[in-house]
Every structure is written in structure tokens, then in C-alpha cells.
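Participant: Next come the chains, spelled out residue by residue.
Protein chains: 2
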Amino acid sequence: MYNNFEFSVIFSCGEHRRGVVTTPHGVVETPAFIFCGTKASVKGISPHQLRETKTSIILSNTYHLFSHPGSEYIKNRGGLHKFMGWDGPMFTDSGGFQIFSLGHGSVADEIKGRRSGQSMLSSIDDNGATFKSYWDGSMQLLTPEKSIQVQQDLGADLIVAFDECTPFHSDKAYTEQSMERSHRWEKRSLDEFIRGDDGSQAMYGIIQGGVHADLRKRSAEFVSSQPFFATAIGGTLGSHKSQMMEVVEMAMNGLDKSRPIHLLGIGGISDIFNGIALGIDTFDCVHPTRIARHGGALVKAKYRDSASREHINLKRSQYKDDDSPIEPDCDCPSCRIFSRAYLHYLLKANELLALQAIAVHNIRFMNRLMSAIRFSLENQRVAEERSIWC
Amino acid sequence: MYNNFEFSVIFSCGEHRRGVVTTPHGVVETPAFIFCGTKASVKGISPHQLRETKTSIILSNTYHLFSHPGSEYIKNRGGLHKFMGWDGPMFTDSGGFQIFSLGHGSVADEIKGRRSGQSMLSSIDDNGATFKSYWDGSMQLLTPEKSIQVQQDLGADLIVAFDECTPFHSDKAYTEQSMERSHRWEKRSLDEFIRGDDGSQAMYGIIQGGVHADLRKRSAEFVSSQPFFATAIGGTLGSHKSQMMEVVEMAMNGLDKSRPIHLLGIGGISDIFNGIALGIDTFDCVHPTRIARHGGALVKAKYRDSASREHINLKRSQYKDDDSPIEPDCDCPSCRIFSRAYLHYLLKANELLALQAIAVHNIRFMNRLMSAIRFSLENQRVAEERSIWC
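Each protein sequence line maps, in turn, to chains A and B.
In short: position in the first sequence from 1, add 1, done, that's our numbering.
In short: position in the second sequence from 1, add 1, done, that's our numbering.
Excised from the complex, chain A in its bound form (with noise of 0.2 Å):
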């Protein structure tokens, strides 16, 4: 298994580390930001525009390719690379999270710990979970083989076991019972994994236990144990930033770290410094590209206007007569040529191009972050670079 795939730690020091994973479809230098191509397009932006700012990897969605337009159509048009026209390594998650986040808010309320939204989550039981489908309101089950069978459809490098994601306002009682049960899943992808396998893909546990550490503990001995490729870290992180590092810091407990270790749907700056101090190597989140469309422009810590947020937005009437770039000394297509007036004009126009402009200079602003933060662990200077960045 995993004959085509590579996980080399090539310098350590503490828990940082700086690592490669080798894809059949290219080579991740880690720590990396994996960017959301949720329903098989980054949006707005062309895998041609991904390479220019230096993307190594993309993820989509299985939640959302289930629903529409469906893996099976998806395989027949050659896999997702193809369909997409990203021929570079990619991710695809099992779906769980979307389904269990749907079933108790938003993905963001849950991740951020809030409660609200609108069930779509029909019914769980050890077989696999209900939900209605968001394309047409259809009923679908997704059992853990139905989601391993989608993924290989959909063809992505690295693919993730099924595992229901705990609510965040869930008891200890039922969130060790809800852990069980992945991990009972977990056991059922890897099955129905090694069936398909033709050795295009490597698979990721999940480690579950919300924010109780003996929980957190036995889930990471758990898929520890289990032949996968590599672990991402699940479920909630708790309600606040610190204790977001206090849970990845019990689920690095009894993990075995000659793996890749992703941390699932987080993407600040400061938690991207935070995770790499844990050791985690590799993060995904809809953040740049999302804060993009409502004029959010990353920048480094001497460019901000605010204190509590890591990026300034253009939309605001400081930025109308400012002819400078959203930063002056960074490489992406759009700083190279926009001003921050012609921004702010886009977004008042109502202009396409203010998204496209903005979303490219945020993922090169992430590709170049991941970049300084592995110089700067062999350089043994982290600390000097996260305070450039935070």
C-alpha cells in the first residue's frame, strides 16, 4: 500500500518540522496551506492562476460533488483532475464534516463552536448518516464505503476516512460514543479502501474526542494503529483560540508522527504559527479565498488597519485614494499591477474583477507565508517571521 507516496521529515527541531509528501501527481514541500476548490472549482480562479502564485495542492469537497453533479459522472469524465484541469496533487475530505456540520449550523459555527442553522442531517446510525442532498433537496445516505467508493471516483491523491464530526455542545458521554463509531468507520474505509485500491491514493485517519484530552488521546493511538497513509486532525476544536491549541495538543498525544498531519479547516496566520509549533504539517480553510469576495486582502502585520483582523478590507473609504499596492513588496500578479484605489473602485462598481484580483493576491499571500515559515524552520528563526506575519 501506498507504494506511490512519500512522507520524508527532512529537518526537525522540537515539534517543528519541515517535511515533503510525494503524490503521484507532484511533491508538497510541508508546512503547506491546501486551498478549497469546494465544488471542483477554486472560485474564480483558474488552475492556470493557482500555478502562477506558486498552489502546490487543492482540495474539493466530497459533500458537495456527491450531491452534484455525482462522482460516477465525475469518473466517467476521466476524475476530478482532469475534469478540473489541476493536474497537481489534491485532497479530497470523506464528507463527513460538511454532512454533521449541516446537521448542527454552518460549517463555520461549528468549527468556531457556535450552535445554530437548520438541520439537514436526517438521521445517523452505525450504518452511515441520512442527510438531504443541497443540490435538489433529495434524501442520501453516505455509509463509510459509499464515501471511500466516491473518492475513488473522484480520484484525488489523498483521500480521508468517513468519521461523524461531534458537535461541539455534545456531552462527554455521547462524544466518546460518537468516537467510537468512527472509529468503527474508520476500520470500514480502510476496508473499502484496500478493495479499490490501485495504488493512485493514500488515505488519512481522523482523530475525534472533541476537547476531552483521554478522548483525544485514545483516538490518536486508535488510527495510529491503522495502516493509513497519514492522520488529520477532526471534529471541534473548542470555542476559542486558545483552547483550539490545547485540543490539537491532545490529539498530537499518542499520534504517530512519522505520518503527515493535517489540521482540518483552520487557516489564520497565527494558527498556522501555532499549528507548526504542534507540528502540524499541512492546513486547509475557505478563509483567503472566502474574505476575498467581501474585499478582504491578506497582508503582513505592518500592513494592517486593525488589530484583530490579518487583513484589511477594501471596501472601506481609507482606501479610496491610496495608490499603493495591498502590499508593496509582494510578487502576486495583482499587486504587481493594482492599486488599492482601483480595488476599492472595483468593489463599489459591483466589478468580477475585483474577486478574481483579490483571491490571487491572498493565495500567493498564503503560498509565500508557508514559504518563509519552512525557511524560517531550518533558519531557526520562527519567531522573527511569525512576528513579520502576525
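Keep in mind the hints are simulated off the structure, nothing from the lab.
No distinction is drawn between identical chains; accordingly, a pair holds when it is met within one copy or between any pair of copies.
Quick list of in silico lysine to aspartate or glutamate cross-link-like pairs, DMTMM-like style, CA-CA up to 20 Å:
{"id": "1", "residue 1": "Lys-55", "residue 2": "Asp-88"}
{"id": "2", "residue 1": "Lys-83", "residue 2": "Asp-324"}
{"id": "3", "residue 1": "Lys-349", "residue 2": "Asp-137"}
{"id": "4", "residue 1": "Lys-83", "residue 2": "Asp-323"}
{"id": "5", "residue 1": "Lys-76", "residue 2": "Asp-88"}
{"id": "6", "residue 1": "Lys-349", "residue 2": "Glu-73"}
{"id": "7", "residue 1": "Lys-83", "residue 2": "Asp-322"}
{"id": "8", "residue 1": "Lys-188", "residue 2": "Asp-198"}
{"id": "9", "residue 1": "Lys-83", "residue 2": "Asp-332"}
{"id": "10", "residue 1": "Lys-76", "residue 2": "Asp-322"}
Go by the hints and put chain B onto chain A.
Facilitator: Below, chain B alone, put in the same frame as chain A:
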């Protein structure tokens, strides 16, 4: 005047001709198509993508930019080239067309000879036109002097005299009065232009006269008698395609053929072939980028699905399983990686990337069309070329 500009006809045969317009921002090989960047942006497309698709010239609309963000604002940002990051040749219209089109129906209604729409035009007299701003509803006055000042602020290479775009449904008596007013306005435009001329711009006169041969001829003679750099054919072109070409032919009579000749607002493929046969050098139209936003992809004759349209509608279910690119023989960035099936899916899923991908194809398509036309002119095989594209 016009020391930094030049127009050379490098080949001609009958009325067909191939030429080069030299501007301070580069040359435009003619026949050429001018892409609309109405509000200082070609919708959803970056200047880099315009270059990549071999675009030589774009236009922006004085009416829109006058209303928002204002020409003085753009002047303070260094002019339109710098503001929008386009360093190639650029054209602005005078604002007249939009004001009068809005006064009597939509731009499309006007040029197609249909009557409808709500009036934004408040009043018109010999001084100028008063209209309601589309941006904030305020009352605005545009005079010949103001239109030229605005276009000087914007700083495009090629600018246009202010005229009254006579409505299609006007009778001959009004069309004649209106044409004479346009001639007075064009003289005032020239005076104002000369007053502020710094050598960076050259000016087009506009021919009016409706569908009346004697008026069109008089207008052509008037415009040719004035020291304009080039000539634009404006006003209504009649209610159907055959009348359009008759009207253009009327306008060509009495015209100074040593100047470049632009046909305003026309961009259909067969219309372009008809236009070059009458000696037209440049065309502009929102069509290629507008239809892209509705799933319309321009294709050569052999790829069409309907004899009545010059594009295919990728939203149609027949493209759901079509793994070929929009055009198998197209070298655009979209045709190199995206299938019709993928674009169909993106349109159905409301993914932004569809708009960019199809617009990039349509722009490249128009530039390939114009390049093929230029080549076919010198090789005297325009008819064969036409059969490929029409």
C-alpha cells in the same frame, strides 16, 4: 496635431484594407476588434489575461466613468491606463451614445432599432444634454467641452467628439436638425481638444444622419473636412442587418479614406466581414464578454449547434457529457484545459470560474478572427476565410 499618431494602410484590394494605427501606447493592426472595459475593467478579466489572449486595444465608457468614480478622480490616480493597469492602446467614447440611448431605451434596443426602456435623459439643447446619473440619481450636464475635458482627464489614446446619437424612430426632419447640432458639437469638441492637447491623444469625428443617404453623405463630408485623426460611424444603423450595411455604405460616401474608420457598437462575426468589405478598420461591441456571462461561447461555423447563432450556449444539456473543449483547434487558455462538460457543470453550479473561462475564450476567439481576417486580406482569400467563421 497628432504627431504621436499615425495610420498607414499597408495593403488594400477594392474597399478591403489592412492597416496599422500607431499610438503612444503601441500599435493596433487593423482590421481590429476593440473590447469593452465599460467601467475601467473588462468584466472579470485582468489586463494580464487580455495580453495573454493577444488583445491589442480596449475601450472604456466616458458616460459610466463620468458618473462614477468621476474623471478627476481617475486623473488624480494617474489616468485610466495606470488606474486599471492596461498599458496598451485605449479608446474612450464621448458619452453621447449612452446618454441618448438611455434617453430612448437601452443601448441594445437603440442599436437594434427597438423601442423600449425608461428615460434617464432629462433635456437636450444646443448647450448639451442633462441626464440622471445611473450611479446616484443626481442630475448631470454633459456638453461637448465637458465630454472632451473628461476624456482628457481619462487619458485614453483615442477619444471621440461629442454628438447626439439620434434615435432610430426620429423622423428625417429631426434627424437632420440633430445631425447639424452634432456637427456644431463636434466643432466645439475639436476646439476644446486643441486647447488642452498635449500630444498624447487623437480624436475621432462621428458621422450621424440616421438611415438617410443624403444626410449620411453630408455628415461624412463635414467630418472629413474637420481636422480629426479618424472617423467613427455612429447613430442608428437601421432595424435589420441588411439595412445596417446600407447605412454604413451611405456613410462611407464622402469620407476621407486616409483616416482610420471605426464602426461603433458592432461585433457580430458576419457583421465584421460585411464591415471590412466596405472598408471599416475597427469594431467594438460588448457582445463577446456579455454572452460569456450567460454561457455563450463563440465558435466557428463547423462547431455551431444552430444556424441562427454565432455561439453555442454551454448551459444546454447537450454539452453535459461533451469532453471536448469549446473549440478543439483553439489555443486559448480555457480550451487548453477545460471541456465543454466542465464549463456546463460550472454554469449549472453557479461557479464564478465559468464566466472568466468563457470570456477568455471569446476574447481570444475575436482576436484570432481579426488576425485571420488580416491574413486573408493580403492573401486575397477573404471569402474562404468567411466561410470558416460565418
